[in-house]
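Line by line, the protein sequences are chains A and B. With the working numbering, letter number 73 in the first sequence gets 81, and the count goes up by one each step, no holes. With the working numbering, letter number 227 in the second sequence gets 240, and the count goes up by one each step, no holes.
Calculated from the structure, these hints are not laboratory results. Hints are not guaranteed to be accurate.
[To be verified] Cβ pair distances, simulated, as ranges: (1) Ile313(A) - Ser342(B): 22 to 30 Å; (2) His168(B) - Tyr12(A): 20 to 28 Å; (3) Pro311(A) - Ala394(B): 27 to 35 Å; (4) Glu153(B) - Thr152(A): 52 to 60 Å; (5) Arg131(A) - Ser175(B): 56 to 64 Å; (6) Thr224(A) - Arg569(B): 40 to 48 Å; (7) Thr211(A) - Ser87(B): 25 to 33 Å; (8) Leu301(A) - Gly529(B): 56 to 64 Å; (9) Arg380(B) - Asp303(A): 55 to 63 Å; (10) Ser175(B) - Leu301(A): 29 to 37 Å; (11) Arg83(B) - Phe162(A): 48 to 56 Å; (12) His168(B) - Gln19(A): 28 to 36 Å; (13) Ser342(B) - Leu301(A): 34 to 42 Å.
Cβ coordinates follow ideal geometry from the N, Cα and C atoms, glycine included.
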Amino acid sequence: MARYVGQRLLQMIPVFFGATLLIYALVFAMPGDPIQAMGGERGLPIAMANRIRAEYHLDQPFFVQYWYYIKGVFTLDLGMSFQRRPVFDIIAQVYPTTAKLAVYALAIEGILGVAVGLISGIRRGGIFDTSFLAVSLVVISIPTFVIGFVLQYFIGLKAGILPATATGGASWRALTLPAITLGSVSFAYVLRLTRTSVIETQTADFVRTAMAKGVTRRKVVTGHILRNSLIPVVTFLGGDLGALMGGAIVTEGVFHVNGIGHTLYRAITRGEPTTVVSIVTVLVIVIMIANLLVDLLYAALDPRIRYAK
Amino acid sequence: MTTTALASLAHLAVRDLSVSFQTDGEPIRAVRRIAFDVKPGEILAIVGESGSGKTVSSRAMLGLLPRTARIEGSAQLDDTELVGLKGEAVRRVRGDRISMIFQEPSTALDPVRTVGWQISEALRSHRPLSRKAAMARAVELLDLVGIPDPEVRVHCYPHQMSGGQKQRVMIAMALSCDPELIVADEPTTALDVTVQAQILDLLHDLREKLGTAIILITHNMGVVADLADRVAVMFQGEIVEENSAAELFANPHHPYTQHLLAAVPHLGKPRPAIMDEVAPPPVASRVVMAMRDLHVSFPGRIGSPPVHAVRGVNLDLHAHEILALVGESGSGKTTLGRCAVGLQEPTGGVIELLGTPLGSVSARDLRTLRRRLGFVFQDPAASLNPRMSVGACITEPMKVAQEGTVGERRARAAELLEAVELPVEFAERYPHELSGGQRQRVSLARALVMRPELVVADEPTSALDVSVQAKVLEVFVRLQHETGFACLFITHDLAVVDMLADRIAVMKDGELVESGTADEVLRAPREDYTKALIAAVPLPDPVEQALARQRRRALRAATRQ
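With the hints as constraints, model all of the structure from the sequences given.
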């Protein structure tokens, strides 16, 4: 197992360089001169612009710039934003909120999705199953921001049960509505995936064997059907974890959550290449680690998947 | 076994049992008013073809049928009426009083649980045992069914065991609560012949040791002859004949039983007369396929050694002859067959196919060369395109080769359908509308459409029922005699080989251990492996089989020393 993890970590190296190089090239290929833009209508004096260019190594050839950047990444120095704040500090400030929100949303969609999907699957065609299939279809069809506004208005403002925005700080309570909004669509997919998978597993020979052994219905479900049905669901949740960790621009916007999605969006609109590249680099690393975790979870779920000799 | 011990065991009495399935149209009557008894300690075999209702009737007793099934009549295990038993009451019977062994051991065990966990689950469903005590009992049970190192193996997952071992685990599970009756549904069908022999020996011993009554559901007459005390023959949902095993094999009364017994290939018996109606073409000295020092290895996982599927095989196939390639699963026979037609590139050695050395030909020439070859695969359901009509399936090779007009192709399809003894109208039908045997005849027709000089048939009949198999083989041999194609016939069934092969090559672990004419190999085998393989084939005759069992034990004792 350790060897497999080692191999996977080694594989991350080329992925890391490839991804960052690509992002770096793309961001710097964006039209417009960010330095000139800093000066607004009048522009900056040539001398000053040149000084700033030198400070950000913008007067160097592309690969030299990239080299400085990579060097920075490895010394945890991600450079300065154009507002003269270290990019590292910006990420350190907002990332915990995004991570918290992502875990919260993932827990909601994972736990509820699997539970409802399991019940739907074993009681296929019943009232429970049909109603939740309808609910999931509705949730999938409505755009996320609509769900967000509806929850915000009815639960946050009208009923006042939960905070309508997270402006006062990212407590678990304040993040509840954003997490529900964020998790709702994936909940519907997890439900449907689990349901289909359970229905398929139910007809497996080993389920029949368990019945013939005289195992109770409940134990057949918890002991055999559930675990054998989880692989496709874990694949989906893993992908979703990566997406959630990348921040949710729309949901963060609706609920005023100061997360990475919002920060990244602002950096892009303001044309701050250093900040954009740094944030995306962090996200690349996070997503790679999320994928590794999913693959390790496969092995824990299914002993036939072997990563080590 | 003393009479007092028997008295404590139960008696199953089935009376007027009917099962029908609700469908959108007419209900399907799968089982019609059958009646039989299983006495304590007795082995009753229920034989019949797929769809005869033998599996359905046994599952009906345990309530293991889908909800659309309607069960009527009575099945009494001592005082307990099983029909209509529900919920907790039926759960208590399952596994405790009546347990089951299923056909396919690789899917019947949960892949994500250790075998020990699965055995103790059966125990703990019926007995107030601690986890530890159940595991200890699981180790004892594994030992009882002959798994080596049970203390270690109890922690294995099913995929870490061989097919035979998995079936032993299944048997251990069935025995765990000392059931009064075991229903064994095709317990050896998915296994290799030598493994099958071991499992049959195990069941034989367990019956002697424990005295459990067994209902043995099978279509293999050899297995019946080996184990059963009494036999019930099922045909279209009814029991058409029931008798003691010895009497049934000696004096079958019902025409269906006679037909069934006649269809069983019997190792060592003369070939059925049909096979010789058309004289076989004389085997020519011309070699159509030659292999010299052939090696195939597949790269292993990173860090593990490569897998040698074929090592150093020399083989010649002459024009007009049927060469049977036999061996157990994993012996490399299928890989060799793939090599023979250029589907698998060898890692070493030379193959000459129809006079062309394969190593030097271009992909394009290889395609042209393949037009002179035919293939028949094991599973006709999977190897015919479900979206093409039978006629289109048959003539697809012509279409690929851009040969013939639409009319000519249609005529050729009709001609071939006639040759494989199917109605010409079948050309318009789709594969799913045909039975397994009919589909395999369509595969055969497709293989022959280009008038090949060489046909490779990979287990063409092992997915079929015996009587269907007999028909397909008959058609196959007649066509071979008429058209004279050379054939590499890959199979694990020695009785089938005996019916049709001119020469036999035996493979083991990627090597060719013995080859010769069919008579030489089957009647005077030189190698111990071949001897063991032949001894393992159950003969469809209780008297012969009892002798064969003794011989097999002697052989095994001799090889062990």
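Against the structure, the hints:
{"no.": "1", "hint": "Ile313(A) - Ser342(B): 22 to 30 Å", "in the structure": "23 Å, holds"}
{"no.": "2", "hint": "His168(B) - Tyr12(A): 20 to 28 Å", "in the structure": "21 Å, holds"}
{"no.": "3", "hint": "Pro311(A) - Ala394(B): 27 to 35 Å", "in the structure": "31 Å, holds"}
{"no.": "4", "hint": "Glu153(B) - Thr152(A): 52 to 60 Å", "in the structure": "58 Å, holds"}
{"no.": "5", "hint": "Arg131(A) - Ser175(B): 56 to 64 Å", "in the structure": "38 Å, violated"}
{"no.": "6", "hint": "Thr224(A) - Arg569(B): 40 to 48 Å", "in the structure": "42 Å, holds"}
{"no.": "7", "hint": "Thr211(A) - Ser87(B): 25 to 33 Å", "in the structure": "29 Å, holds"}
{"no.": "8", "hint": "Leu301(A) - Gly529(B): 56 to 64 Å", "in the structure": "59 Å, holds"}
{"no.": "9", "hint": "Arg380(B) - Asp303(A): 55 to 63 Å", "in the structure": "40 Å, violated"}
{"no.": "10", "hint": "Ser175(B) - Leu301(A): 29 to 37 Å", "in the structure": "34 Å, holds"}
{"no.": "11", "hint": "Arg83(B) - Phe162(A): 48 to 56 Å", "in the structure": "51 Å, holds"}
{"no.": "12", "hint": "His168(B) - Gln19(A): 28 to 36 Å", "in the structure": "31 Å, holds"}
{"no.": "13", "hint": "Ser342(B) - Leu301(A): 34 to 42 Å", "in the structure": "37 Å, holds"}
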